[in-house]
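Chains as they are written, first to last, in our numbering: chain Y, 1 to 469; chain L, 1 to 201.
Keep in mind the hints are simulated off the structure, nothing from the lab.
Treat the hints with care, as some may be off.
[Claimed, not checked] Each computed EDC-like pair below joins lysine to aspartate or glutamate, with the alpha-carbon atoms no more than 16 angstroms apart: (1) Lys363/Y / Glu386/Y; (2) Lys8/Y / Glu210/Y; (3) Lys31/L / Asp271/Y; (4) Lys168/Y / Asp103/Y; (5) Lys31/L / Glu78/Y; (6) Lys183/L / Asp271/Y; (7) Lys162/Y / Asp163/L.
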Amino acid sequence: MPKTLYDKIWDAHVVHEDDNGTCLLYIDRHLVHEVTSPQAFEGLRVTGRRVRAPEKTIAVPDHNVPTTPDREQGIENEESRIQVEALDRNARDFGVHYYPVSDIRQGIVHIVGPEQGWTLPGMTVVCGDSHTATHGAFGALAHGIGTSEVEHVLATQTLIQKKSKNMKVEITGSLRPGVTAKDITLSVIGATGTAGGTGYVIEYCGQAIEELSMEGRMTVCNMAIEGGARAGLIAPDEKTFQYVQGRPHAPKGAQWDAALAWWKTLKSDPDAVWDKVVTLRGEDIAPVVTWGTSPEDVLPITATVPDPESFTGGKVEAARRALDYMGLTAGQKLTDIEIDTVFIGSCTNGRIEDLRAAAAVLKGKKIAVKRAMVVPGSGLVRAQAEEEGLAQIFIDAGFEWRLAGCSMCLAMNPDQLSPGERCAATSNRNFEGRQGRGGRTHLMSPAMAAAAALTGRLTDIREVMAEPA
Amino acid sequence: MEKFTPLTGIAAPMPLVNIDTDMIIPKQFLKTIQRSGLGKNLFDEMRYTQDGREIPDFVLNQPAYRNAQILIAGDNFGCGSSREHAPWALADFGIKVIISTSFADIFYGNCFKNGMLPIVLPQEQVEILMEDARKGENARIAIDLESQTVTSADGQVFTFEIDAFKKHCLLNGLDDIALTLEKVSAIDTFETAAAQTRPWV
Ligand code: SF4
Numbered sequence: 001m002p003k004t005l006y007d008k009i010w011d012a013h014v015v016h017e018d019d020n021g022t023c024l025l026y027i028d029r030h031l032v033h034e035v036t037s038p039q040a041f042e043g044l045r046v047t048g049r050r051v052r053a054p055e056k057t058i059a060v061p062d063h064n065v066p067t068t069p070d071r072e073q074g075i076e077n078e079e080s081r082i083q084v085e086a087l088d089r090n091a092r093d094f095g096v097h098y099y100p101v102s103d104i105r106q107g108i109v110h111i112v113g114p115e116q117g118w119t120l121p122g123m124t125v126v127c128g129d130s131h132t133a134t135h136g137a138f139g140a141l142a143h144g145i146g147t148s149e150v151e152h153v154l155a156t157q158t159l160i161q162k163k164s165k166n167m168k169v170e171i172t173g174s175l176r177p178g179v180t181a182k183d184i185t186l187s188v189i190g191a192t193g194t195a196g197g198t199g200y201v202i203e204y205c206g207q208a209i210e211e212l213s214m215e216g217r218m219t220v221c222n223m224a225i226e227g228g229a230r231a232g233l234i235a236p237d238e239k240t241f242q243y244v245q246g247r248p249h250a251p252k253g254a255q256w257d258a259a260l261a262w263w264k265t266l267k268s269d270p271d272a273v274w275d276k277v278v279t280l281r282g283e284d285i286a287p288v289v290t291w292g293t294s295p296e297d298v299l300p301i302t303a304t305v306p307d308p309e310s311f312t313g314g315k316v317e318a319a320r321r322a323l324d325y326m327g328l329t330a331g332q333k334l335t336d337i338e339i340d341t342v343f344i345g346s347c348t349n350g351r352i353e354d355l356r357a358a359a360a361v362l363k364g365k366k367i368a369v370k371r372a373m374v375v376p377g378s379g380l381v382r383a384q385a386e387e388e389g390l391a392q393i394f395i396d397a398g399f400e401w402r403l404a405g406c407s408m409c410l411a412m413n414p415d416q417l418s419p420g421e422r423c424a425a426t427s428n429r430n431f432e433g434r435q436g437r438g439g440r441t442h443l444m445s446p447a448m449a450a451a452a453a454l455t456g457r458l459t460d461i462r463e464v465m466a467e468p469a
Numbered sequence: 001m002e003k004f005t006p007l008t009g010i011a012a013p014m015p016l017v018n019i020d021t022d023m024i025i026p027k028q029f030l031k032t033i034q035r036s037g038l039g040k041n042l043f044d045e046m047r048y049t050q051d052g053r054e055i056p057d058f059v060l061n062q063p064a065y066r067n068a069q070i071l072i073a074g075d076n077f078g079c080g081s082s083r084e085h086a087p088w089a090l091a092d093f094g095i096k097v098i099i100s101t102s103f104a105d106i107f108y109g110n111c112f113k114n115g116m117l118p119i120v121l122p123q124e125q126v127e128i129l130m131e132d133a134r135k136g137e138n139a140r141i142a143i144d145l146e147s148q149t150v151t152s153a154d155g156q157v158f159t160f161e162i163d164a165f166k167k168h169c170l171l172n173g174l175d176d177i178a179l180t181l182e183k184v185s186a187i188d189t190f191e192t193a194a195a196q197t198r199p200w201v
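Produce the complete structure using the sequences and hints provided.
Spelled out as structure tokens, the structure:
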């Protein structure tokens, strides 16, 4: 029977299958952060269980950590400090791999995993975090789990799962200038809705996906969860293998050859059967922004704020509430929306390529907003950006140059919006209060966020690109 | 985990679509290292003003719904973050059943790990139950997991689908980890074989 990529990875990891189709799935990599793990480790202590495979378990604090240079003196917020200290202690007590705040390799868990070569094609990867989907860019089956499941994986290295359905999202042709991976992933959610992928694992394919770098592919898969899917996948190819080769935890020598031989078989068979197919033309995708409080509230930057009455069902009320929360009126041009804050970072867009794209727009210019910050996704991304001179471009333009962490993506650390503040953000969620109570978030690509920083309003990157330097 | 027993109770109506886990329990309450005590912060930013006073309009602040055990919710309930703090907060408040046309995947799974039952019903039936819920204390909805039924206030019976394994665990209050550890020899066998076929993992 022809198989999809998802079918192949799934089949390679089934430990046991019950008569009703419930499976025990083996987990190759378990990533852990400080917010969703304390209760799981506590559960192990209470029941006297150990971590079954500490060598396959990687922990890093990211959500709570301050991103200011003084953070090594300690975390001021007591609850955050307790949570990070709990992770320090749990990592030590249970003997898992650990990147503490003081380690240059520390960063957002979904950036650290691929960077260190923990994430490899054909693996199953889980983390108590919905954006685990990011790792799907390597052709790994990767998804978020809850804390009870974190404890289950710690104790058994398996997960009780039922198989999802197969969905194919094809992006044909090439992207136009100024259009990025972020615009692809937001446009897909705009087309399918935040529940469009519920019950499915998505495989992204097509020429526009193949043409993306690994960084871009991670951006696309990162937001599979915003489309409701359990996971997003992209078949590994030469770019994938090149990215992986030589990373600290990637296989070497004969093991590399053996791994490569298997990885090359990891693609959907040509006659594989799909339960759902969505196709977008790469040429049709515009630079987009979100206007509301759900990631499906996506429009091309050239559009106007929609009228809630133009929707149907429960969405009418949700759109009304969103406009009220966002302080917008129907019919307003998106490019007339003024912003006061810019946030560049997160596991969606905190990698080196994202910083390069933003810096290219900012070079030699000054920001026109109250506050702008760049938060590199890891200490290593930060170091590389400094080496390439990007940090200086950001600083000269008026950006704050921060240390690695989740930061204003979810504002669990001190980086937050105040009520009514409006932010151009490269992160992945625009929910009410996500970036701070009463804060208003517009999601977009790093280049678009940089352009917004320069003009103080939502801006079409293509206009900035057209200007003579 | 407690066994899930038949339940008859008051339902709170929350017709909004796409209620996300950031709304259910905002991130400032994720800093706890415990599971309990989150009920007072359930729906915090919708429920309280910035200085901590109750917003009287919010459904769970209305006298009729303070002891609600059932939520009737709009489409795609529980989307967003994987935080299990969301079902913890709902459970701590006293919610045992959530009924909607659809749930986000991770949230749906998380409910079962905490003795809660998420029920998917078709739109028309959810609307009937939503009407019941709007009647506050004047309407009681009954849930029976064994027979997989929801009975509306005026006696209409709706049946729902549920995975047999999840039902079994919920009815018997079974702990997943203990169940899986019964299969530990299968895990050992898998690991030994994988060490041969994929030694780089
Ligand atoms: S950067 Fe944002 S989305 Fe990514 S893991 Fe951190 S909080 Fe979650």
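So which hints don't hold here, by number, going up?
2, 3, 4 and 6
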